[in-house]
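**Student:** Sequence:
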Amino acid sequence: NTGVSVFAFRDFYIHGWYSQYSKMVIRKLSMSDKDYQIFNEKVQKWLQLVLERPYRWTPAMFCRPCLKSSSLSADQEKKAFFCSELIAATLKAGGLIPEVERTVTFGPK
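Going by the working numbering, the sequence shown opens with residue 1, and the numbers climb by one from there.
Worth double-checking, as some hints may not be accurate.
[To be verified] Each computed DSS-like pair below joins lysine-lysine, with the alpha-carbon atoms no more than 27 Å apart:
no. : residue 1 : residue 2
1   : Lys45     : Lys23
2   : Lys28     : Lys45
3   : Lys79     : Lys42
4   : Lys45     : Lys79
5   : Lys45     : Lys34
Worth flagging that the hints you see were computed from the coordinates, not collected in a lab. Given the structure is predicted, the values throughout are model-derived calculations rather than measurements.
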């Protein structure tokens, strides 16, 4: 387990990594080229902070919405992410989710 990693979607498909899931949802972001460039720059900087951080879920993580810490805090170098929390934190880093939203409250639906 290498933790948080980034792969092209085509690799996800080519290697059949999707086969471990019974269901997947793919959402495409719609924005202008200029907005996408700004979003992408923010996300790329943020990804450098979280690459290789642990990726897991435990029952204790279910209680994290009760905590006051932000999932984007730079001082949480060892913080583990749950899948939906990682997506929400990425969208937040890109400016698509307001700063006041706590990403630990995002879960699969």
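**Student:** The structure should be examined with respect to each hint, and the outcome stated for every one.
**Tutor:** Hint by hint, here is what the structure shows:
no.: 1; hint: Lys45 x Lys23; in the structure: 30 Å, violated
no.: 2; hint: Lys28 x Lys45; in the structure: 21 Å, holds
no.: 3; hint: Lys79 x Lys42; in the structure: 20 Å, holds
no.: 4; hint: Lys45 x Lys79; in the structure: 17 Å, holds
no.: 5; hint: Lys45 x Lys34; in the structure: 17 Å, holds
Violation of the numbered hints given earlier is confined to hint 1; every other hint is satisfied by the structure.
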